[in-house]
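A.B. asks: Residues per chain, in single letters:
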Amino acid sequence: DAKTTQPNSMESNEEEPVHLPCNHSTISGTDYIHWYRQLPSQGPEYVIHGLTSNVNNRMASLAIAEDRKSSTLILHRATLRDAAVYYCILRANSGYALNFGKGTSLLVTP
Amino acid sequence: EAGVAQSPRYKIIEKRQSVAFWCNPISGHATLYWYQQILGQGPKLLIQFQNNGVVDDSQLPKDRFSAERLKGVDSTLKIQPAKLEDSAVYLCASSLVQGRTGELFFGEGSRLTVL
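Protein chains in written order, with my numbering: chain A, 60 to 169; chain B, 48 to 162.
In isolation and in its complexed conformation, chain B is listed as follows:
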């Protein structure tokens, strides 16, 4: 079974530039999450989708971050304009809400460096 795919794996940009990350969840998984992980910290939830609807985006900095999940499958997370403090790994995860454990499956992440 293919896992959660993310791209790009690495991205370096200058502050005030924009960047987009893409995520393809495991086939059939209705729930998709984006997490931000700053070095030395645990992952922090940015947004949770159920199919193509937003369940929770309370911690998403909406003045610069946006996310969409068209057709309830792939998702894109965008940052515009980027700040130095956005340097982090952006993790995408998916889950079967009705599964036995509700286990989250994570991708390898996209590492962003803002200079």
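Next comes chain A alone, as it looks inside the complex:
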């Protein structure tokens, strides 16, 4: 499986934008880029996914590099409730399981 690389941790101030990077230099042409997050003491939850074009939803935006070797999850205004571990995952198709790495632990301070 193609692997992803994320920083272990990041810190942000409340109400400021957060850019969470993910490197995936060995991504294949059919891999989708998925982001999940895991709040403390909860199971992971879906955030967003994309293939080539940038994507927006009510939770976040996903910016994908033109060569697809990296992507960035953007939280437009961080809140204290956004403090979580964020996982960037490559997935060939919707029939496959998700293979999680260690993710990025996001700390949001007031």
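Keep in mind the hints are simulated off the structure, nothing from the lab. As the structure is a computational prediction, the values presented were derived from the model and not from experiment. Among the hints, erroneous ones may be present.
What the hints assert, rightly or not - Anything over 12 Å on all C-beta distances counts as not near chain B; from chain A, calculated:
1. Gly102
2. Glu104
3. Val106
4. Ala124
5. Gly160
6. Thr168
Unchecked claim - Straight-line distance between alpha carbons at most 30 Å, and here's what the computed DSSO-like set of lysine-lysine pairs gives:
7. B/Lys109 - A/Lys161
8. B/Lys118 - A/Lys161
9. B/Lys118 - B/Lys91
10. B/Lys91 - B/Lys130
11. A/Lys62 - A/Lys128
12. B/Lys109 - B/Lys130
13. B/Lys91 - B/Lys58
14. B/Lys62 - A/Lys161
15. B/Lys109 - B/Lys91
16. A/Lys62 - B/Lys91
17. B/Lys91 - A/Lys128
18. B/Lys58 - B/Lys118
19. B/Lys62 - B/Lys109
20. B/Lys130 - B/Lys62
21. B/Lys91 - B/Lys125
22. B/Lys58 - B/Lys125
23. B/Lys58 - B/Lys109
24. B/Lys125 - B/Lys62
25. B/Lys109 - B/Lys125
26. A/Lys161 - B/Lys125
27. A/Lys161 - B/Lys91
28. A/Lys62 - B/Lys109
29. B/Lys125 - A/Lys128
Virtual Cβ for every residue (Gly too), placed ideally from N, Cα, C.
Assemble chain B onto chain A, guided by the hints.
C.D. replies: Same frame as chain A, but now just chain B:
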């Protein structure tokens, strides 16, 4: 819509004892997953079911772990005998394979402590 239900939420046992975890997926979801999450790590897939058939159990320690999904709905994960290194959160997830995103919906997990 009801989410993925798991029980028990917490379980403490001594090594060499047995334990079972139960999962009820979201209604209509054909695919069910069991993950193991050790403290400080991301979840690791143990087994994936499609209806009541096994799709992937390559990372399931079959000498002590077993899982079944009778009638393609509920699932049970069993550990017998437990070891200290089995202390972890066991997460169940389900998905609509044919859905737009194939999004996985996770339960809150069952935390196991082996003493």
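A.B. asks: Just pull the numbers of the violated hints for me, sorted ascending.
C.D. replies: Checked against the structure, the hints that fail are numbers 1, 2, 3, 5, 8, 29, while the rest are satisfied.
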